[in-house]
Amino acid sequence: MKPLEILKTAMANSFRSKLRTFLTILAIFVGAFTLTITNGLGTGISNYIDGQIAAVGSSNSFTVGKTDTSGNPASGPKKYDASTRVLAAGGRPGSTQPALGQTDLDTIGAVPGITGVTPVTRLNPDYIQWNDHDKYQLSVSPLAGAQPQLAAGTALDDSTTEPQLILPSSYVAPLGFADNNQAVGQDATIGITDATGTLHPLTARITGIEQSALLGGGGAFINKALSTALADAQGTGAPAASKTAWANVTATFAPSSAAQITEMKAGLAAAGYTAQTLDDRIGTVKTVINGIIGVLDAFAVIALIAAGFGIVNTLLMSVQERTREIGLMKAMGMGSGSVFALFSTEAAFIGFLGSAVGSAAAIGLGTAVSGALARGPLSDLEGLHILAFAPGSVAGVILLVMAIAFIAGTLPAWRAARQNPIDALRYE
Amino acid sequence: MSVPILAAQDLSKTYGRGPDRFDALKGVSLEIGRGDSVAIVGKSGSGKSTLMHLLALLDSPGGGQVRVDGTDAKTLSGRRLNTLRNTMFGFVFQQFFLNSASSVLENVVLPLKIAGVSARERRARGMAVLEQLELADKARNKAGNLSGGQKQRVVIARALVNNPQVLFADEPTGNLDTATGRIVEDILFDLNINHGITLITVTHDHDLAARFNRRLYIRDGLLITTDEEHAA
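Protein sequence lines, in the order shown, are assigned to chains A and B. Residue numbering for the first sequence follows this note's numbering, beginning at 272 and increasing consecutively. Residue numbering for the second sequence follows this note's numbering, beginning at 5 and increasing consecutively.
Extracted from the complex, chain A is given alone in its bound form (with noise of 0.2 angstroms):
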């Protein structure tokens, strides 16, 4: 028999018991939806933390800091090293961590594969305003290479001369500005006050406008421009020394592979530098939600082996009720690889028709309910959809369905096909 005829018989056959068909296909539904919505859910909220993190900064950087040992216990006391500074940190008060200065930037932007490295220079800006409303506080994003969630405008600009900033969408009313749009393009005045107490205005154009964010912690985006001016204010009569000392570099990278970033952790590591991507700071959200929906397709999965068992029940009542036809078939010349085939297609075959339609269910019903929420109990979270559908998901959703229906039907296909002629044509 060739392929296309038993993949006809076998849809043909499926439909000659039309409620038992039914039945079965209504206990895949089950699973394949709730397969579908799980996975919907670990879809929606990936994309949702996957854009938060590229706010925060980009995922082609590390942030290095010096390995610090004193903290270690019963190390003691460390000795004391001309070379060595610290800088207070935050944490306990009182602790310090080692400095970095610009050998130090040497050495780590020649370990293989960091392309360029940045110190990290903390900002404290006093205030922001537009025009002669009021002034409110800003604090401003340290990480170089985030992308922001826009609401409204365009991205910052690294390599022109003028001062941009990206304002999260909290201050655009506090500003005075009547909504996002009046705001892009407009200049804004950051005052920030140097080592000497003189208070430094300075004027940047504002080019968008962040959605709220759940990772950002309300900061603003500044481009390359705007931070080195307000670096250069902040630092005006400070030290010289304490120009070259921070605490913090980002090194970036090339779009690389886990285990090159593996290598160059080790390479920085080797040189005494503790490097850390993006995803090793907030990667341990993803993993708790990612433990999430596992536990939660776990279930699913148990509900449609549940239903393979149905699968099972059907088909073996089928082989029981056709045994005089499989028997003809045999006797007139078909092979036990095309009966076995006739019925483990038919089992495929029920198991596509379950998931595909339990799969679109969830898909429309997850789309619109997602949009319900995300219009109202979730709009703080904006850009958030809680569900979201990859095509490649649901196909492998389907697939998976399929693989477990074909599995299910593999015994009574077996019986089927191990059937002898005579026995199955006496069979009454």
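Honestly, the hints are just simulated from the structure, not real lab data. Treat the hints with care, as some may be off.
[What the hints assert, rightly or not] Here are the simulated SDA-like pairs of lysine to any residue, each with C-alpha atoms no more than 20 angstroms apart in a straight line: (1) A:K289 x B:S106; (2) A:K273 x B:T91; (3) A:K289 x B:K146; (4) B:K78 x A:R689; (5) A:K273 x B:R127; (6) A:K289 x B:S104; (7) A:K289 x B:S107; (8) A:K279 x B:L88; (9) B:K78 x A:S607; (10) A:K273 x B:K78; (11) B:K78 x A:K289; (12) A:K406 x A:K279; (13) A:K273 x B:L88.
Add chain B to chain A, keeping to what the hints say.
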């Protein structure tokens, strides 16, 4: 003498084991020539159906061998065996074994479908054989809606659609009334005489058996030379 199309040597077949052991055939040897018509006659339980099943290669013998065109059936691969069943043999069953939900035409072309013949050719050959059996007008009917005589003719059409060399019939008139049975008999003998198809029929009906070239009488798993029951 040419090679017989079917030959059996010392065929035996046993069902069950221990106290349930039943020797259906106890050593049967026979030869059937090309174009012959043979009736295997015996009572219920005599082993006549078992013999036909073994000759038709539907079952494997416990002992002895079946030769098809001089080839030992045991040496045939599964694929060759399936091809042989599909193209060389046709079967007419007493219980019809029709799929009542499918159309007459679909039932008839089933062997062609198994052989992998294209849909267009299946239709043409199916219609030709239905024409031959005067069933062309029923081609689209559901097989379940036919009368007994029509069903038996559909079964014969199905057996003929692959142009077999040997036609096996198991009690072909057993489920039919006398008049209809007569029509079916005439069709079978017409195929034997005018188309050269070897006809092998199992029956317990002595009037039907009388119309065949040869009669093989079987009792308790052994061929007997004379028609004892008939004489008695």
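Tested hints:
1. A hinted pair counts as satisfied when its Cα atoms are at most 20 angstroms apart, and K289 of chain A with S106 of chain B qualifies at roughly 15 angstroms.
2. Taken as a hint, the K273 of chain A and T91 of chain B pair is honoured in the structure, with Cα atoms around 16 angstroms apart against an allowance of 20 angstroms.
3. For the given pair, K289 of chain A sits about 18 angstroms from K146 of chain B by alpha-carbon distance, which is consistent with the 20 angstroms threshold.
4. Note on K78 of chain B and R689 of chain A: the hinted pairing holds, with a Cα-Cα distance of about 18 angstroms set against a maximum of 20 angstroms.
5. With a C-alpha separation of about 16 angstroms, the suggested pairing of K273 of chain A with R127 of chain B holds against the 20 angstroms cut-off.
6. Under the criterion of a C-alpha separation no larger than 20 angstroms, the hint pairing K289 of chain A with S104 of chain B is consistent with the structure, at around 16 angstroms.
7. For the hint pairing K289 of chain A with S107 of chain B, the CA-to-CA distance comes to about 18 angstroms; that is within 20 angstroms, so the pair holds.
8. Under the criterion of a C-alpha separation no larger than 20 angstroms, the hint pairing K279 of chain A with L88 of chain B is inconsistent with the structure, at around 25 angstroms.
9. Simply put, K78 of chain B and S607 of chain A have alpha-carbon atoms about 17 angstroms apart, close enough for the 20 angstroms limit, and the pair holds.
10. The suggested pairing of K273 of chain A with K78 of chain B is violated, with an alpha-carbon distance near 27 angstroms, which exceeds 20 angstroms.
11. A hinted pair counts as satisfied when its Cα atoms are at most 20 angstroms apart, and K78 of chain B with K289 of chain A does not qualify at roughly 42 angstroms.
12. Between K406 of chain A and K279 of chain A the CA atoms are separated by roughly 74 angstroms; this puts the pair beyond 20 angstroms, and the hint is violated.
13. This hinted pair checks out: K273 of chain A and L88 of chain B have alpha carbons roughly 18 angstroms apart, not beyond 20 angstroms.
Figure legend: structure checked against the earlier numbered hints; hints not met, in rising order: 8, 10, 11 and 12.
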